[in-house]
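Undergrad: Protein chains in written order, with the working numbering: chain G, 15 to 389; chain X, 15 to 389; chain B, 15 to 389; chain A, 15 to 389.
No lab work stands behind these hints: they were computed from the structure. Any given hint could turn out to be false.
Just so you know, same-sequence chains aren't split out, so a pair can sit in one copy or run between any two.
Lysine to aspartate or glutamate pairs mimicking EDC-like chemistry, simulated, CA-CA at most 20 angstroms apart [what the hints assert, rightly or not]:
no. : residue 1 : residue 2
1   : K41       : D238
2   : K359      : D181
3   : K359      : E313
4   : K348      : E313
5   : K300      : D181
6   : K348      : D46
7   : K41       : E389
8   : K41       : E317
9   : K365      : D376
10  : K365      : D99
11  : K287      : E207
12  : K255      : E120
13  : K148      : E110
14  : K148      : D331
15  : K348      : D238
16  : K300      : D208
17  : K348      : D208
18  : K163      : D188
19  : K148      : E327
20  : K300      : D65
21  : K287      : E120
Protein chains: 4
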Amino acid sequence: MLPKISAFALLCGLFCALFAHDHGQRKIVFPDVPGYYTLKCDFHQHTVFSDGNVWPNIRVQEGLRDGLDAISVTDHIEYQPHLADIPHPDRNRSYEIAAKAAEGTELLVVRGAEITRGMPPGHCNAIFVEDVNKLMVEDPMEAFREAKKQGAFTFWNHPNWIAHRSDGIATLTDMHRTLIAEGLINGIEVVNEDTYSEEALRIGLDNNLTLMGTSDIHGLIDWDYNVPAGGHRPVTLVFAKERTFEAIREGLLAGRTVVWFNNTLVGREAYLKPLLVSSLSVSAGKALTNRDGATTVFEFEIENSSDANLIVENLSDFTLHQHANILVFPAHEKTRIQIKPRERKAVFQMKLTVLNAITAPDQHPELVLDLRLGE
Amino acid sequence: MLPKISAFALLCGLFCALFAHDHGQRKIVFPDVPGYYTLKCDFHQHTVFSDGNVWPNIRVQEGLRDGLDAISVTDHIEYQPHLADIPHPDRNRSYEIAAKAAEGTELLVVRGAEITRGMPPGHCNAIFVEDVNKLMVEDPMEAFREAKKQGAFTFWNHPNWIAHRSDGIATLTDMHRTLIAEGLINGIEVVNEDTYSEEALRIGLDNNLTLMGTSDIHGLIDWDYNVPAGGHRPVTLVFAKERTFEAIREGLLAGRTVVWFNNTLVGREAYLKPLLVSSLSVSAGKALTNRDGATTVFEFEIENSSDANLIVENLSDFTLHQHANILVFPAHEKTRIQIKPRERKAVFQMKLTVLNAITAPDQHPELVLDLRLGE
Amino acid sequence: MLPKISAFALLCGLFCALFAHDHGQRKIVFPDVPGYYTLKCDFHQHTVFSDGNVWPNIRVQEGLRDGLDAISVTDHIEYQPHLADIPHPDRNRSYEIAAKAAEGTELLVVRGAEITRGMPPGHCNAIFVEDVNKLMVEDPMEAFREAKKQGAFTFWNHPNWIAHRSDGIATLTDMHRTLIAEGLINGIEVVNEDTYSEEALRIGLDNNLTLMGTSDIHGLIDWDYNVPAGGHRPVTLVFAKERTFEAIREGLLAGRTVVWFNNTLVGREAYLKPLLVSSLSVSAGKALTNRDGATTVFEFEIENSSDANLIVENLSDFTLHQHANILVFPAHEKTRIQIKPRERKAVFQMKLTVLNAITAPDQHPELVLDLRLGE
Amino acid sequence: MLPKISAFALLCGLFCALFAHDHGQRKIVFPDVPGYYTLKCDFHQHTVFSDGNVWPNIRVQEGLRDGLDAISVTDHIEYQPHLADIPHPDRNRSYEIAAKAAEGTELLVVRGAEITRGMPPGHCNAIFVEDVNKLMVEDPMEAFREAKKQGAFTFWNHPNWIAHRSDGIATLTDMHRTLIAEGLINGIEVVNEDTYSEEALRIGLDNNLTLMGTSDIHGLIDWDYNVPAGGHRPVTLVFAKERTFEAIREGLLAGRTVVWFNNTLVGREAYLKPLLVSSLSVSAGKALTNRDGATTVFEFEIENSSDANLIVENLSDFTLHQHANILVFPAHEKTRIQIKPRERKAVFQMKLTVLNAITAPDQHPELVLDLRLGE
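Model the full assembly from the supplied sequences, consistent with the hints where possible.
TA: Here it is in structure tokens:
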């Protein structure tokens, strides 16, 4: 009956690898940074109240399972394929149902909506609004102005969408420039669903727009993002002074975000670098020894407390005893490194670039880790 | 990828040996039996059109992912908590949406509804009806008669429900006896969601009711049944002459079902035994050898092509060389057995009882496998 | 990387079982019982000093990885296939090397040897001897007497071995009866490597012999027992008053053992029952509630702290709300059960039989668990 | 226990994402290259005949399980800690036993030995020799000359060993220069056990030495390299015209090798590039479509048939629709990429650098993949 035992061991394995996702492991985890909480947010989602396939309470449960801090259900206000069955004229309904479902939980549900228009300006989300119904006006500009009047944070959805750009290249139009100039568009999606746009990143950086990443989910998060297999939805990490609606809104308007999708982090260096530094902690090191005593090969443990498997390039003035210049610090693991500086010092500086972190097209942040010897 | 896939399948096989499926193998698999297709069905499910949380198309996608042959969305016709948002008066809507979503797939969507009443008679499902709206009548008896008039197959839901029976003991009332006598109730749930009722099984057997097992799903199958961890929803295996609506209806009315939940099979011996026999195939055996040549210890491989990890008791007149009297034939695996009959024969009969198969309270089917030696 | 491809991530999931095994999970775990430590022992192993393939220190490392308390390397004293390369005349060498390798660890290495003879009496192990060389005498009876003189515990190896019994049926000869009568054979292997002998169990019970299970390993434990896939070697659980050589010897001579192989436990009821009772703990229970308040359906959690996936049959005077009469308490898991006793009591008695525990051919121990309601 | 395993599962899933093997597929797999077989070899291993802990047949079985084409057991000829038990004077014994154990298998066992000396020159292996005993001479130079006379391929072991170099920095001595000049040292280990030496790589390239990677195993491969968790031993991939001893020797003397350790490949560009090109195959691509028809976003599948999870940087003149400039092609997986070239062409050239492939210190090979559209 060996197979049965094997079966059980494997069950444990799979149980943990998969079911563990229902026991905390699926939660998205990144450390806070100095001065700010790192809040995991998804501000682009749909329900049966527009073209989504679930009741709003499911979006809340998905958010809680993913360990999110804030979500918004942003149903289209013009596009209502289920209108025949759900004729309700109040466009705030999906928000209200989700907000009620989240009562008594830690999850913040932000009132929002998607303003669906042809190009330009295409699709945009307005969140932190007061009354979605008031956004239902003919003239796009008016809708944006109304949103701003309500104190909204507004962002341009999937500027790389092939339905609007057959080359998939995000490009600004005059109308976008006007909206940005008037402060009517505050952010831009560099990641939407399973797409990433280097051109949108360029536009965001050049126009001082907040960088956003969203799931734009219509079906189930678990299916569309292979959650049981270890996948995760794209999220926007917002660096906020508090765990409050207002603090998140402030963080978004201030552009303090990093986008997390697949195994890649995208953000301005000012926010991405602190996130990476906070993710890596180094244990006190020790010298390896041989028959003659201490050598000048030193061992340290670097712990990565983030969900990202960090792919790094060693740029230090010393080589490594067990790795080439490219190595990986796996998520939530301790990685042992041994350095060969040729001489003993109290502190060594490890200079590295994180290759799966993006601060601008083809640009990666450079970090310096202090490696300290123990007593 | 093939080597890894097969390795993966092997490991999955082992994993499956305890509690059913892993994520990659979530499809429910049981072999056909002589004369009938073994169709996997779930005839008790809810959507946003009553107290469920998903649009009907999600039920179709769940069914396809689980490898089901037929489903029914059986929304309550009296109980409509979402009425404020979904005022649609037509109780056929959820069926129509699901049926449309299933177009072009193998999945059969059966029109049905749940007739919610107080006790007696409690909750019942009517499936294979023509117009759900016509079931919305005051008098329960009338509703059942209308269902029958439409050609429905009707079954009593969760007779063990603690909301109706605070001792959880399924018990017939006079009204039930009348409904059964008039052929207005054809089946009974022995399994509903995560509950099993031995008393319901007794009632079903004593009153010639079709044995049913259903998910009664309101949320998501993946979450409520831990599918990523290898769990599965309860299903009713219907033995049907064809893969058609009419053949399923005929099979249900004829009582040809086996219920599959957790790692347990429940059904009348007449249907459960053929299912088990069809699930087990024996390879040609060979004698073990020692220095003097052939011994009278013989080795066979028994392959289990079902999803059930069969827990069996050996009742043969020989003992086993590697197992005690209780052993497991893991799902979708080959299990090697070595028998010690003390003498050589062309065919040996292995008599066994399948302990996780139930034909009546505390009763398990007895099988005889022919073990044949190869040339 | 990981998040992107589900098949890939799933494979990763599968590795977890394996990985876990290399990090503690492979250790064999059973609870102590009242009055005794439950010591995990393997007293039949080979090294390069007879027909094994590893240096004795590897046996020590395997034992430590498996979490064993005691082992013996029992190299054949007559059979020396490596004699040309290892001509050493001292038959204590493998013991001495293993004992040295175990210094500073918790593992107890018992001096022993295998006395290889034709049938009768076949192969026997003598452990707790003082000088293996003195066992090298012509007359088998003399060898046994010498072993006894040294204070040995002696047991009959694989009485079902097809090399000696072409029907695989363990059978006593007059010589065995004599040896037993003179106290020169104290134990018998009911499990050797991948075989189990019901007839050996019968002989052991009828002749008051200690029941033994051993790996008889020649190659690598990890390979022969599929440890990476969750398998484990057969072990003899010895119930000893202390973690000392003398206490183990005393426990063996007193017959206080249970054999653990695959997913089966074999032992005298006097020792197997306490082991099972110690393995199962029940949480304080609570009544399920419905609209009218408390029901008479009560929920408990049963935790299994052993490595055995216990297959149990419910023989109580109440039925279960979620299980049929056969259920499994998986190793190192909490299993939720709901009982339907029809009335409230402070304590309910759950009567069950553990089917994969064997106290005699086809006999299984019966336990009674007290299920207590919380405040 | 479950949470604990869950933790392992998470770590392990990630661990495995980086070192992709599973138990069922432990065999090391790399494709052949144009003109050569890619043979997996480990030419530095020990047994009980020097300071190893296993009989030579275990090295053969490990090699077969790892899918190796050739191995050598290179026991020290001067260092014999087990001499008291294994006094055999013939230093060819471990080879002879291993060769016999490999009879009837595909595995080629090469006669070899380790010449253990102080620094300089330190430790070297001589393989493809005719009689190991003849290498046992006083003067090191004589030993190398004898090896050469026998037609040996000789390489410098772990030049970074901290026992000989307390800074871990591989450095040539005059004696090494002489040995190299006389053709008495043909290769150098850039990888030994768990260490990698960038300086040894530099020395190897500058002095036209064959680049070697070996396990230097003394215990068990499965334990020292976490094989059950997906780890693998370091191997030298030799590009040989045939699967013969002579072809391997010729390939080694010609310097046609790539070293595979952890998730890194090290080799001269002339051999590493063909290996990578042979590892990647591209499916026929197709244009994505929107309402207006075909777009200029094109999708391809890139299959990686090697064991290496290739970490690549996109240097093409187009951006990707779903990835940033750094992406991973997981081992034995198909990876979907979508490119945005802004215009349609029959063939697109994807220019990329493989970051975990090393052709010289801090240098990575650059590849060009042709991406062809289907009909």
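Undergrad: Does each hint hold? Answer for all of them.
TA: Here is what the structure says about each hint:
no., hint, in the structure
1, K41 <-> D238, "both (16 angstroms within a copy, 18 angstroms between copies)"
2, K359 <-> D181, "between (54 angstroms within a copy, 13 angstroms between copies)"
3, K359 <-> E313, "within (13 angstroms within a copy, 52 angstroms between copies)"
4, K348 <-> E313, "within (12 angstroms within a copy, 37 angstroms between copies)"
5, K300 <-> D181, "between (54 angstroms within a copy, 14 angstroms between copies)"
6, K348 <-> D46, "within (19 angstroms within a copy, 34 angstroms between copies)"
7, K41 <-> E389, "neither (37 angstroms within a copy, 34 angstroms between copies)"
8, K41 <-> E317, "within (19 angstroms within a copy, 27 angstroms between copies)"
9, K365 <-> D376, "both (19 angstroms within a copy, 14 angstroms between copies)"
10, K365 <-> D99, "neither (60 angstroms within a copy, 52 angstroms between copies)"
11, K287 <-> E207, "neither (25 angstroms within a copy, 35 angstroms between copies)"
12, K255 <-> E120, "within (16 angstroms within a copy, 52 angstroms between copies)"
13, K148 <-> E110, "within (16 angstroms within a copy, 34 angstroms between copies)"
14, K148 <-> D331, "neither (60 angstroms within a copy, 45 angstroms between copies)"
15, K348 <-> D238, "between (30 angstroms within a copy, 18 angstroms between copies)"
16, K300 <-> D208, "between (44 angstroms within a copy, 18 angstroms between copies)"
17, K348 <-> D208, "between (30 angstroms within a copy, 17 angstroms between copies)"
18, K163 <-> D188, "neither (22 angstroms within a copy, 66 angstroms between copies)"
19, K148 <-> E327, "neither (51 angstroms within a copy, 47 angstroms between copies)"
20, K300 <-> D65, "neither (59 angstroms within a copy, 28 angstroms between copies)"
21, K287 <-> E120, "neither (27 angstroms within a copy, 47 angstroms between copies)"
Going through the hint list in order, the structure does not satisfy hints 7, 10, 11, 14, 18, 19, 20, 21.
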